[in-house]
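So the protein sequences, as listed, match chains D and H. Using numbering that gives the first Met the number 0, you'd call the opening residue of the first sequence number 0 and step up by one each time. Using numbering that gives the first Met the number 0, you'd call the opening residue of the second sequence number 0 and step up by one each time.
Quick caveat, the hints were computed from the structure, so don't treat them as lab data. Hints are supplied without guarantee of correctness; some may be wrong.
No copy is singled out in the list; a pair is fine if it fits within one copy or between any two copies.
[What the hints assert, rightly or not] Below, simulated DSS-like cross-link-like pairs (lysine-lysine); rule was C-alpha separation at most 30 Å, straight line: (1) K411 / K163; (2) K315 / K363; (3) K363 / K487; (4) K411 / K363; (5) K120 / K168; (6) K631 / K591.
Number of protein chains: 2
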Amino acid sequence: MDRAFQRTKIFTNHLLLQSSDPLSSLSSNACLSYSTPEDSESYVFDVKQMRNLIDGHDVEERDWLFGLMMRSDLFNPKVRGGKVFVSPDYTQSMEQQREMTMKRIEYLQDKGVFKGWLTEKEEDIVLRICAFLEVLSIFDHSIKIRVGVHFFLWGGAIKFLGTKHHHDKWLRASENFTVKGCFAMTELGHGSNVRGIETVTTYDTNTGEFVINTPCESAQKYWIGGAANHATHTVVFSQLHINGTNQGVHAFLVQIRDADGNICPNIRIADCGHKIGLNGVDNGRIWFDNVRVPRENLLNAVAYVSHDGQYISPIKNPDQRFAASMAPLRGGRLNVSVNAVYQSKVGLAIAIRYALTRRAFSLKQNEPEVLLLDYPSHQRRLFPLVAKAYAMSFAANYFKMLYRKRTPESNKTVHVVSSSFKATFTWNNMQILKVCREACGGQGLKTENRVGHLKAEFDVQSTFEGDNTILMQQVSKALLAEYVAVRKRNKGFTALGLGHMNKPRPVIPSQPTSTTLRCSEFQMDALCLRERDLLDHFVAEVSNCRARGASSEQAFNMCYQLGEDLSRAFSERAIFQTFVEAEATLPAGSLKDVLGSLRSLYALTCTEDASYLRYGYLSVDNGAGVRRGIAKMCSELRPHALALVTSFGIPDAFLSPLAFNWIDANSWSSVEA
Amino acid sequence: MDRAFQRTKIFTNHLLLQSSDPLSSLSSNACLSYSTPEDSESYVFDVKQMRNLIDGHDVEERDWLFGLMMRSDLFNPKVRGGKVFVSPDYTQSMEQQREMTMKRIEYLQDKGVFKGWLTEKEEDIVLRICAFLEVLSIFDHSIKIRVGVHFFLWGGAIKFLGTKHHHDKWLRASENFTVKGCFAMTELGHGSNVRGIETVTTYDTNTGEFVINTPCESAQKYWIGGAANHATHTVVFSQLHINGTNQGVHAFLVQIRDADGNICPNIRIADCGHKIGLNGVDNGRIWFDNVRVPRENLLNAVAYVSHDGQYISPIKNPDQRFAASMAPLRGGRLNVSVNAVYQSKVGLAIAIRYALTRRAFSLKQNEPEVLLLDYPSHQRRLFPLVAKAYAMSFAANYFKMLYRKRTPESNKTVHVVSSSFKATFTWNNMQILKVCREACGGQGLKTENRVGHLKAEFDVQSTFEGDNTILMQQVSKALLAEYVAVRKRNKGFTALGLGHMNKPRPVIPSQPTSTTLRCSEFQMDALCLRERDLLDHFVAEVSNCRARGASSEQAFNMCYQLGEDLSRAFSERAIFQTFVEAEATLPAGSLKDVLGSLRSLYALTCTEDASYLRYGYLSVDNGAGVRRGIAKMCSELRPHALALVTSFGIPDAFLSPLAFNWIDANSWSSVEA
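Next up, chain D with everything else stripped away, as it sits in the complex (with noise of 0.2 Å):
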């Protein structure tokens, strides 16, 4: 041993000059326990009024779906520390996956989820509708997109680009599912630009058919969700040639597989492969070889094609052909939003749950660990979220009835939302996991822990049903759009929220006190500071670059940055509202109180942004009180966390083990078990 302890000794001098590696002072002895923090936590809010408020409608039809998913073995319950778990075996092959999917589906047709979904009047069951895919997302993305696409774009296809003649055949048949559709829209070469897509379609005056054709590679149809396995028809979408003319995209309806699932003469068809997520849905790509339909499979609410071959649309201007023929996309960026906060309210739940049973490192000497959210940065983490997640679903309930009663004069709004908020909430869902998937350290990497799988499942949001970038400038454009128009008609703003653009622009005090900080109307000031300056400067810019000759598209590239931080501050401000309304109906209380806090905390960290120093609408100092407010909020919402997250109203068995006895479900007897 002379050699070691010389060795120990050279060692030592090293030590003496080193600063301790990392990581705590603590030495402890006494074993772990798991207690739950039902235990510790107090609620002083009805968490069931909340969730009815956050939910905004069908709270019992969501927990009847929650339960039918509980009570089938299709759903692969697992116990884990005592506790039952549902959710899907994302270690099966994708063909695995893919027939899981389609089983749920079958058992929840069975059962009656899917009952007038298609044939109801839609303003009377739209909202069930997005309460059922809301549950069902929350069990997995995968069932939810493949139902989603059947209803929302195949079904909503033959809705609104189709006829009676259209309803009569397909509507009910595709709410049996003895018809399953698939929507080809995208193609290899073209996915944001679809006016840009390659299929072409003619019409044979000899026999009265349409003839579909791919004339190459990058025409190909490609993430076609059902196109894989198991779609039997689709709506294809493609330039329509009449007598030389390209009349421009219009939408057909195709059958791709038999009854039995041959696939169709001249039909082909390939899987798209693997995918970071979304194994449960069968995306595929299609080629058509001169496939013939008849001339009534052309979806002709837009336009038609008279037997002789003359084409006939009543809409003179093509680019409103083709924003008509993109109307089925809008449920969808509904549908994708809400699921959004879905799925934030889900990772922020197992966060906050581990966070109040997880402790690390003491304070003093000999002094118990302190939990997770007793710290400081900790809070700092994951409050600011929940405040989000709420702003969220008031904005998300918002957009629900804005889309549910939209009329002629509300499409427009319509369009503007659902860009914004669609990009908004999927950013901010990333965002949200990722942050919750490393609060969970390493067990936020296990598979069945969910919060980190399901950045994988959901990052898909960010670029399908329109990629977030080009949404945001879509935003940018319009809001540059109506400007122009309302000082041309020289008025007044009315439309998206703009009416504060007629009122004096607000001044923020220069010193606000902690009570301003948490009143809505500074709140308020301060978001619509920031909006109605940067649509000044952003109108100016782009004016300013065409008068130096730019053409539109070029000048709103050059000013990309501007239009960037604008749609951002419309966003941020149209959830805002959302909130403040919501707020506004409730009675003086606990519950109003604590939404006041979860208010405040929203605003306060979107006027943290990096925007409000950068233009000058905060000053350094006023940038320095809130940050302080923000530290504040968070403090005072600490009480309140499991609360909080009670009232997202999601069964336990929707969550994971990590958000119970993470101690009982890894241990050796569960092992054996």
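Given the structure of chain D, go ahead and fit chain H onto it with the hints provided.
Chain H only, in chain D's frame:
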């Protein structure tokens, strides 16, 4: 058709009130064709020379290892679009992926890849080991981690914590894989807080054995890479109880499986289960049921126990003993950091190459669609990240040299740099992969295109080998300690790159010209100003808190926001410094010019951070100037885009089909093949 027509009219009325949905103004028929970026882009600097500079060492050796992998069917070569790609089959089951990882390691061992890794003098071989691990991680994270655990953690524990006896017995056997090691430190209940682990070891004087025990479920060893299937031995970290005194955490060698793979008596092992990435590594859990090992199995460089049970350590301070036991982690952090840089390069090479071949939308009617990379907004998304990857490359090379030449005197620097760079690089990497995946649109989600998959694969890096948040806290604490020590000595700053604190506070010009903005002195001033001011600020706040009665841990917790800003400021300044030093070694010429642009872009991107405005280091006007400077650098770098990612030196086979002819790769003929 009358009804149809009527409905169409109603639709028309809607549409006249509605903006066109999104997405483009092009109506094109010509089919897309792929042209390789090499045909249109040119190289104005020597990409080989650039690669030598950023790889820094062992370039030929890297290519040899790339070649070894490309030549073996074990690396799963697949032809797509006429090119061969190697990549693991991530659709395999967890068990299959684990077996493939081991088979690949055996093949590489046969080829002599690991020769000398544990038996040659560290200074002579450590850079080659780093290079090989970088190359392995470009193929697959699992193989790199499995090799890294065996050599850096198991092997490192024996080297750094063991003495000659252990070296003689274990190092060669480990290098040959006769012994397969793992590293049992983390437990279910304690990860970051290693001192809190609950495994207990006592010494039995009667038999001269240590008795290692898992006293409760939270003490089970957790996340132990290699434990679930393959490892024969482990180093166990455990509290050592001698004569009723807990001497703290010590490391012991334990055999866990016999040569036939049977689990040894009194050892229980379970799987950690499916993870969101790294499924080729068999992470497991271990319980020790009073396992007996001979006295010499204590790794005794830090302390030893005599035959009659006396605890003897020349290191009287338990904190320093503990720090010594953590030595093996340092090499781990080095490798995690550097691998993160190479993953960023894979993501960027794919996203940039794709953006040089994918078009979307046209700026004027009937013009061709525009390449993604010709949009200023797309440049702004990607080029600052390219600059970051270059900056991290230089910083990684500096870190490797620092590690290789480490001395007792430099240990503190190694600790702070390893904490700072590990956290910063891995967070940067996740951000870069996220942006790259979104920049690739839907194609970023296909597993075979790699960029999306890498996100899940490398997510673990943010929390393993030291949780990033805690590591960054270590940085701010170390800076504070240095500050206090220097002020006490009253001698000026020398360590941790803080020499600039001795100089007068830099002054940022009130209206920097664009020439100033690209001047490295200005950039360094801006980075140093932030660091020094935040350090002053942080020291003052912490000492305020302490004056009000807080413990030092409480004070750190209360000042966490300043601490976070400070540790980021330190990291970015330290990284920048390595960039400047690398640039300084070059003669004037095109290589130096382009690096100058990258360096400026990196510095300005750091300077655009909200902290510059928040603490008043930049005026609003200067902030706007910085922003304009960034846009300018991006357009300046556009012509070099291809050369910049080619210089990463990653063979085509290790990128993905999306980086090359993605139309061919998706053609029908490839489906039939």
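Outcome of the hint check:
In this assembly of identical chains, the alpha carbons of K411 and K163 lie at most 30 Å apart only when taken from the same copy (26 Å versus 77 Å across copies). Proximity of K315 and K363 under a CA criterion of 30 Å is satisfied inter-copy only: 21 Å between copies versus 77 Å inside one chain copy. In the homo-oligomer, the alpha carbons of K363 and K487 lie at most 30 Å apart only across protomers (25 Å), although the nearest pairing inside one protomer, at 68 Å, exceeds that limit. Taking the shortest Cα distances, K411 and K363 sit within 30 Å of each other only across copies (24 Å), while inside one copy they are farther apart (59 Å).
Taking CA atoms no more than 30 Å apart as the test, K120 paired with K168 passes inside one copy only; the shortest distance there is 17 Å, against 79 Å between copies. Taking the shortest alpha-carbon separations for K631 and K591, only the intra-copy value of 18 Å comes in at or below 30 Å, while the best inter-copy value is 49 Å.
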